[in-house]
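Quick note on the UniProt record's numbering: the sequence shown kicks off at 1 and runs consecutively.
Rather than coming from a laboratory, the hints here were simulated on the basis of the structure.
Keep in mind that a hint or two might mislead.
Straight-line Cα separation of at most 30 Å, DSSO-like style, residue types lysine-lysine; simulated pairs [to be verified]:
| no. | residue 1 | residue 2 |
| --- | --- | --- |
| 1 | K162 | K108 |
| 2 | K94 | K132 |
| 3 | K94 | K167 |
| 4 | K132 | K108 |
| 5 | K167 | K108 |
| 6 | K132 | K167 |
Ranges of calculated distance between the beta carbons of each label pair, as one might list FRET restraints [unchecked claim]:
| no. | residue 1 | residue 2 | range |
| --- | --- | --- | --- |
| 7 | S41 | V105 | 40 to 50 Å |
| 8 | N44 | R109 | 38 to 48 Å |
| 9 | V158 | D136 | 22 to 32 Å |
| 10 | L59 | Q134 | 19 to 29 Å |
| 11 | S152 | D35 | 21 to 31 Å |
| 12 | V131 | S152 | 41 to 51 Å |
As the structure is a prediction and not an experimental result, all values here were calculated from the model.
C-beta: ideal position from N, C-alpha, C; glycine also.
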Amino acid sequence: MKYFVILFLFSGFANADNRLHQLGLEYTIGSIGDDASEQLSDLNDVLTMHIAFNYQYELHDYVSIGVGHLSGDSSNGDIFFWEGLLTDSRLEYKASYFFAEGRTVLSKRNRFYARLKALSYDYDVIDDEEVKYQEDGSDIGYSIGWMLHTDSGLTFNVGWEKSNLGKHVSIQGFNLGLGYRF
């Protein structure tokens, strides 16, 4: 039994295709959830967009760990011209994060994934080009989705994510990602 446990633990670190590293780029469009607090009373935007860069190391086929950085601005979420005319407030935010990702292998190329993030964030609520409220701190985020691996090392993913930026702001929406495994 002891040998079985040791063999099981060491076999978990084996990787089938030897591409242990991945650089990724993700684009998210989502909604801003806030608690209608006094601090956020000047924020009128409800949509936002952000881009995230990340690096991850694959421990084995089912688990990886990584680091990343995201940056966004709710004025990018003004997808209709008239929205930009009605409001001049915006939320600017950025966060660095560590994450752990678990995957279920569906086939050689297809996977479902779930990712848990520990975020260190900073955001500003800006109205009439004046910072009305700012906050920084740490919180958590998570995402789930589907991932496609190609033989050339490219990966594509589609998912849903939620990032909590303190007790006043959360951002949730859909993301598209592109990565390269090496």
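Evaluation of the provided hints:
About 28 Å separates the Cα atoms of K162 and K108, which keeps this hinted pair within 30 Å; it holds. As the CA atoms of K94 and K132 are separated by approximately 17 Å, the hinted pair is consistent with the 30 Å bound. With a C-alpha separation of about 16 Å, the suggested pair K94 and K167 falls inside the 30 Å cut-off, and the hint holds. Only pairs whose Cα atoms come within 30 Å are accepted, and K132 paired with K108 is rejected, the gap being roughly 50 Å.
A threshold of 30 Å between alpha carbons decides the hint, and for K167 with K108 the separation of about 41 Å lies outside it, so the pair is violated. At roughly 17 Å between alpha-carbon atoms, K132 and K167 fall within 30 Å of each other, so this suggested pair holds. About 47 Å separates the C-beta atoms of S41 and V105, a value consistent with the hinted range of 40 to 50 Å. One distance hint, 38 to 48 Å for the beta-carbon pair N44 and R109, holds here, with the actual separation near 43 Å.
Separated by about 30 Å at the C-beta atoms, V158 and D136 satisfy the suggested range of 22 to 32 Å. For L59 and Q134, the Cβ-Cβ distance of about 37 Å falls outside the hinted range of 19 to 29 Å, so the restraint is violated. Under the hint 21 to 31 Å, the C-beta atoms of S152 and D35, about 45 Å apart, miss the expected range. Separated by about 45 Å at the C-beta atoms, V131 and S152 satisfy the suggested range of 41 to 51 Å.
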